[in-house]
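*Asks:* These are the residues of each chain, in order.
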Amino acid sequence: MVAFTWSELFQQIVSGLSTGGIYASLALAIVIIYRSTRVINFAQGEMATFSTYIAFWLIHDHGWPYWGAFFATLAMSFVGGVLLERTVLRPVEGAPVLTIAIVTLGLLVALNGLTRWLFGGETQVFPSAFSTRAIHVGGVSFSLQDAGFIGLAIVAVALLWVFFQFTKVGLAMRGTAINRDAARLLGVPVGRMLALGWGLAAALGALSGMLTAGSVATFDPNLMLGVLLYALAAAVLGGLESPIGAVVGGLLLGVVLNLLGTYTSFFSGDMRLVGGLAIILVVLLVRPAGIFGRVTARKV
Amino acid sequence: MRHPLLALQDVEARYGQVLALHGISLEVAEGTIVALLGANGAGKTTTLRAISNTVRSTGEVLFEGKRIGRRSPEAIAALGVAHVPEGRGIFPDLTVRENLRLGAYTRRDRRVKEDLERVFGYFPRLREREAQAAGTLSGGEQQMLALGRALMARPRLLMLDEPSLGLAPLVVREIFEIIGRLNSEEGLTVLVVEQNAKLALAACNQALVLEVGRIVLRGDGTELQANESVRKSYLGY
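Chains as they are written, first to last, in the working numbering: chain A, 174 to 473; chain B, -7 to 229.
Calculated directly from the structure, the hints in this document are not laboratory data.
None of these values were measured; they are calculated from a predicted model.
Using N, Cα and C, we set each Cβ at its ideal position, and we do this for glycine too.
Hints are supplied without guarantee of correctness; some may be wrong.
In silico SDA-like links for lysine to any residue, alpha-carbon gap of 25 Å or less [claimed, not checked]: (1) 341/A - 90/B; (2) 341/A - 71/B; (3) 341/A - 86/B; (4) 341/A - 128/B; (5) 341/A - 18/B; (6) 341/A - 58/B; (7) 58/B - 363/A; (8) 224/B - 123/B; (9) 341/A - 224/B; (10) 105/B - 179/A; (11) 190/B - 6/B; (12) 341/A - -4/B; (13) 341/A - 160/B; (14) 341/A - 98/B; (15) 341/A - 104/B; (16) 341/A - 67/B; (17) 341/A - 190/B; (18) 341/A - 63/B; (19) 341/A - 46/B; (20) 105/B - 336/A; (21) 341/A - 107/B; (22) 341/A - 102/B; (23) 190/B - 146/B; (24) 341/A - 85/B; (25) 341/A - 162/B.
Sample of chain B residues facing chain A (criterion: CB under 8 Å; computed from the structure) [said to hold, decoys possible]: (26) 33; (27) 46; (28) 61; (29) 85; (30) 97.
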């Protein structure tokens, strides 16, 4: 427990936003896929871990500069996501939700195994693009890394928003997510839109993976296991159908958990996850559709 | 010989084991309005779905003389077949303008803006509601949006599935009036499925009556209006 001061509070909020940005990007990835398929992609975390290993491999084994590896990994993850949809998910398109969910669970196990087989299971050290040097702004001090993470998350979310809001393909993807059959009748190649969604989700996941590895400095094939749970919590918190909800949910979760960890002795360390789940439980009891979700009746 | 814009030859379609179309043949000439009439379950909707290939079918579907039965629904839409489905298929979470923009998805030219104006010309109420979520529109406005969205594709053939469903008589008349104008002013070819036989017969050049998956009657609108059995079964006098 820490004695309360305002500057300490702001510091903890900034640091919470930084982890929240990581949750938000993975939560957004989950929401993008959920909106178009009604399925939670349980493999999202393992996909992110795999991407992180690719970045590590480029930097460590091939001596790439951090940012070169960063953007190359985003691009490769995008392509990988598209290919996964085309090969693994396409055959079960239109199958019951449970079937698809099981396929993504299988993908989780398979990717985890593949990561271990290709890269080994031992703990590695991941470089961060930002130094952890503290900077001081008006009495509040936080690390350059926190500021960088928040900045990257903001840029990623803003780019996606512009894409969905102002481009023809983004609009077609939104239409496909709402009503696949109607979109098809307008000439929208629905299959391609779904694959594109997986590509974007994989790239977002890669971002969250690289940031997570950078923030904890060391990582192993289970890197994203905990983060996936927080991201799921964030997505549920915001409302699984709402991209804005995912971002707000992620940031909120990051901040609240950080504050709980700082100001209570109970919710620090191992009980942190429990704190997160408790928040979800309360939200679901009060607002079952999440903060930004709308209650909709669906024909079954 | 000039091909009719659309021709169906002996088209059969089934849902699981149930045969919904027992070999339908019909032609839609360019620039005409053709009405498909019949009771619930007669196969009207299935006929439209066989054309847009959203139901599995056998037989031939020819568009401008080309076989399109094997093409994907999106490819058929790109050829210029606009299918406004049962229930309209609007995107409730998107704004009216976004719905219309999405209607122009297959367009590669840069004149989409002009067409937006054209659609707003036909449906001034859509302009007033431009920035509103489509789900907040009234039923009639949603039908106008579905129609306007189909027009954004500059289709060669417009297929409408029960445009009058659930709408007030006044709104229905307005919609049919616009369909008539699109046909006479722009030469748009229309294939319309309708329960409201009176309105449909008055608006169309040719009408077909379906019964349990077969075409049992065909003729021009006035002919069928005078037909005894049509009057008894569908016009109610």
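*Asks:* Can the restraint linking residue 341/A and residue 102/B be considered satisfied, given a maximum Cα separation of 25 Å?
*Replies:* Holds - the C-alpha atoms of residue 102/B and residue 341/A are around 13 Å apart, at most 25 Å.
*Asks:* Minimum Cβ distance from residue 46/B to chain A below 8 Å?
*Replies:* holds, 7 Å
*Asks:* Are the Cα atoms of residue 190/B and residue 146/B separated by 25 Å or less?
*Replies:* violated, 28 Å
*Asks:* Taking the least C-beta to C-beta distance, is residue 85/B closer than 8 Å to chain A?
*Replies:* For residue 85/B, the interface hint holds, since the closest Cβ of chain A sits about 6 Å away, which is under 8 Å.
*Asks:* Regarding the pair residue 341/A and residue 46/B, is the alpha-carbon distance no greater than 25 Å?
*Replies:* OK: residue 341/A and residue 46/B at ~24 Å, within 25 Å.
*Asks:* Check whether the Cα positions of residue 224/B and residue 123/B lie no farther apart than 25 Å.
*Replies:* Violated: residue 224/B and residue 123/B sit about 46 Å apart, past 25 Å.
*Asks:* Taking 8 Å as the limit, does the beta-carbon of residue 61/B come near enough to a beta-carbon in chain A?
*Replies:* violated, 16 Å
*Asks:* Going straight from one Cα to the other, do residue 105/B and residue 336/A come out at no more than 25 Å?
*Replies:* holds, 20 Å
*Asks:* Taking 25 Å as the top limit, are the C-alpha atoms of residue 341/A and residue 128/B close enough?
*Replies:* holds, 23 Å
*Asks:* Hint check: residue 341/A vs residue 85/B, CA-CA at most 25 Å. Holds or violated?
*Replies:* It holds: about 16 Å lies between the C-alpha atoms, which stays within 25 Å.
*Asks:* Please work out if residue 341/A and residue 71/B have their alpha carbons no farther apart than 25 Å.
*Replies:* holds, 19 Å
*Asks:* Given the proposed pairing of residue 341/A with residue 63/B, does the C-alpha separation stay at or below 25 Å?
*Replies:* holds, 23 Å
In the structure shown, a violation is registered for the earlier hints numbered 5, 6, 8, 9, 10, 11, 12, 13, 17, 23, 25, 26 and 28, in ascending order.
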